[in-house]
Structure formats: C-alpha cells, structure tokens
Amino acid sequence: MAGGTSVEDTTRLRGELGRRVVHASGAVLPVAHVAGLVTWPQVTALLVAGTAVAALLEAVRLSTGLEWFVYQHLTREYEQEIVAGYALYLGSSAAVAVAFEATIAIPAILMLALADPLSGLASSGGLKRMKRPRALAVMFCVSAVVATPFVPPAVAVAGATAATAADGVTLAVGSRIIDDNLTIPLTAAVTMQTGQML
Numbered sequence: 001m002a003g004g005t006s007v008e009d010t011t012r013l014r015g016e017l018g019r020r021v022v023h024a025s026g027a028v029l030p031v032a033h034v035a036g037l038v039t040w041p042q043v044t045a046l047l048v049a050g051t052a053v054a055a056l057l058e059a060v061r062l063s064t065g066l067e068w069f070v071y072q073h074l075t076r077e078y079e080q081e082i083v084a085g086y087a088l089y090l091g092s093s094a095a096v097a098v099a100f101e102a103t104i105a106i107p108a109i110l111m112l113a114l115a116d117p118l119s120g121l122a123s124s125g126g127l128k129r130m131k132r133p134r135a136l137a138v139m140f141c142v143s144a145v146v147a148t149p150f151v152p153p154a155v156a157v158a159g160a161t162a163a164t165a166a167d168g169v170t171l172a173v174g175s176r177i178i179d180d181n182l183t184i185p186l187t188a189a190v191t192m193q194t195g196q197m198l
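Quick note on the working numbering: the sequence shown kicks off at 1 and runs consecutively.
Hints in this document: simulated from the structure, not taken from any laboratory.
Here a beta-carbon is modelled for each residue, glycine too, at the ideal position from N, C-alpha and C.
Among the hints, a few may not be true.
The following label-pair restraints were derived from C-beta to C-beta distances [what the hints assert, rightly or not]: (1) Ser175 / Met197: 18 to 26 angstroms; (2) Pro133 / Gly18: 37 to 45 angstroms; (3) Ala55 / Arg20: 33 to 41 angstroms; (4) Ser63 / Cys141: 28 to 36 angstroms; (5) Trp40 / Val145: 35 to 43 angstroms; (6) Glu101 / Leu37: 12 to 20 angstroms; (7) Val21 / Leu198: 34 to 42 angstroms; (8) Thr64 / Thr194: 36 to 44 angstroms; (9) Pro153 / Gly174: 34 to 42 angstroms; (10) Ala154 / Val60: 24 to 32 angstroms; (11) Pro133 / Arg20: 35 to 43 angstroms; (12) Leu171 / Ala45: 25 to 33 angstroms.
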C-alpha cells in the first residue's frame, strides 16, 4: 500500500532491532568484569565455552538445514549457507580475550558489541561496499569513547580507526563476505596492542 509499511518491512525492522539488541548484549561480560562481578579468566572461559556451543549449533544447522527460531529471526539472508555472524562474534571475542590482556580485549569487544550496532542503525540499511559517512562517524566516535578508559588516547584513536575500517568496508573473497563480527575486535586489538608497544 502506497505510503504505508508492509508486513515484510515490519518483520525486517523487528529482525534488525532484535539483532542490534543481541549484538549489544555482548557487552555484558566485559562490563561485569569492570564492575568486579567476575574475573577476567572467568570471562574468557565463558566466551570460549560460548564459541564451542556456537560451533556445534552451526555444524548442525549447516549440515542438516535445521532452522530454529533464533536463526529465522536473528540471522541475515546471506548467512543461510555460511557460518552465521553470532558464531563469528563469539569466536573473535574469545580470541581476543585469550590472546590479549583485559585492557586491550575489553575495548576491542565493546567496539563490536556497542559501536557496531549503533553504526548499523546510522547506516541506510542493506549490504554496501562502504557505509555512509554518518555511520563511519558513529562507529569511530563510539569506539574511541569505549576504548579511552582502558588505553591512552592515541591508542584509543588508533583502535577506533581500525575498528571503523573493519566495519565500514565490506570485504569479500570471491562470493564470500568477510563478516565484520570477525574482523572488528581482531583488527582493533592488534592495532591497540601495537600502539601500546610503540
């Protein structure tokens, strides 16, 4: 209907909002550590365990075609035949938690958990080669803000720049999209660690 919102559009919007909320929930463990509720080894263990569970679920989904509610509503169309973003999210978060100290891993994970969904909301929607300047600005600013309490300002800016580049440019190998859930925390953590060493 002209000027109205179709059921399909409404469903898509709810799916996007649901994905953003789930995305942001990844900040719970790092924030709980900062608040002194859990130790960093406990956070790391939970992330590794979550990654193992996600890997098992993805193996079942990809080998059998089984589609549970969470897949139908919280994954994107292009993820139907590849590893879904949530598994890459957990895997990259676990990787930086294992490989880096908390002062590097926490901001890297928060960039993914908080800055990425806000950047997504600021973008025009849809998969594009490069996000709009407004979305890039949101990603950079939020990333810098969440990193500043943990690392020196220059290192925070460097990490935010790396995260923004990973989020803002869609990379692909052949027809396979390289998910930014994988690249954001890894590039941010490596960049911040390098900055700390200089």
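Going through the hints against the structure:
1. Ser175 / Met197: 18 to 26 angstroms: Given a distance of about 37 angstroms, which is not inside 18 to 26 angstroms, the answer is violated.
2. Pro133 / Gly18: 37 to 45 angstroms: Check failed, 27 angstroms falls outside 37 to 45 angstroms.
3. Ala55 / Arg20: 33 to 41 angstroms: 24 angstroms, violated
4. Ser63 / Cys141: 28 to 36 angstroms: 41 angstroms, violated
5. Trp40 / Val145: 35 to 43 angstroms: 22 angstroms, violated
6. Glu101 / Leu37: 12 to 20 angstroms: 19 angstroms, holds
7. Val21 / Leu198: 34 to 42 angstroms: 37 angstroms, holds
8. Thr64 / Thr194: 36 to 44 angstroms: With Cβ atoms ~42 angstroms apart, the hint holds.
9. Pro153 / Gly174: 34 to 42 angstroms: 39 angstroms, holds
10. Ala154 / Val60: 24 to 32 angstroms: 45 angstroms, violated
11. Pro133 / Arg20: 35 to 43 angstroms: Violated - the Cβ-Cβ distance for Pro133 and Arg20, about 20 angstroms, lies outside 35 to 43 angstroms.
12. Leu171 / Ala45: 25 to 33 angstroms: 31 angstroms, holds
Consistency with the previously given hints fails for numbers 1, 2, 3, 4, 5, 10, 11, ordered from lowest to highest.
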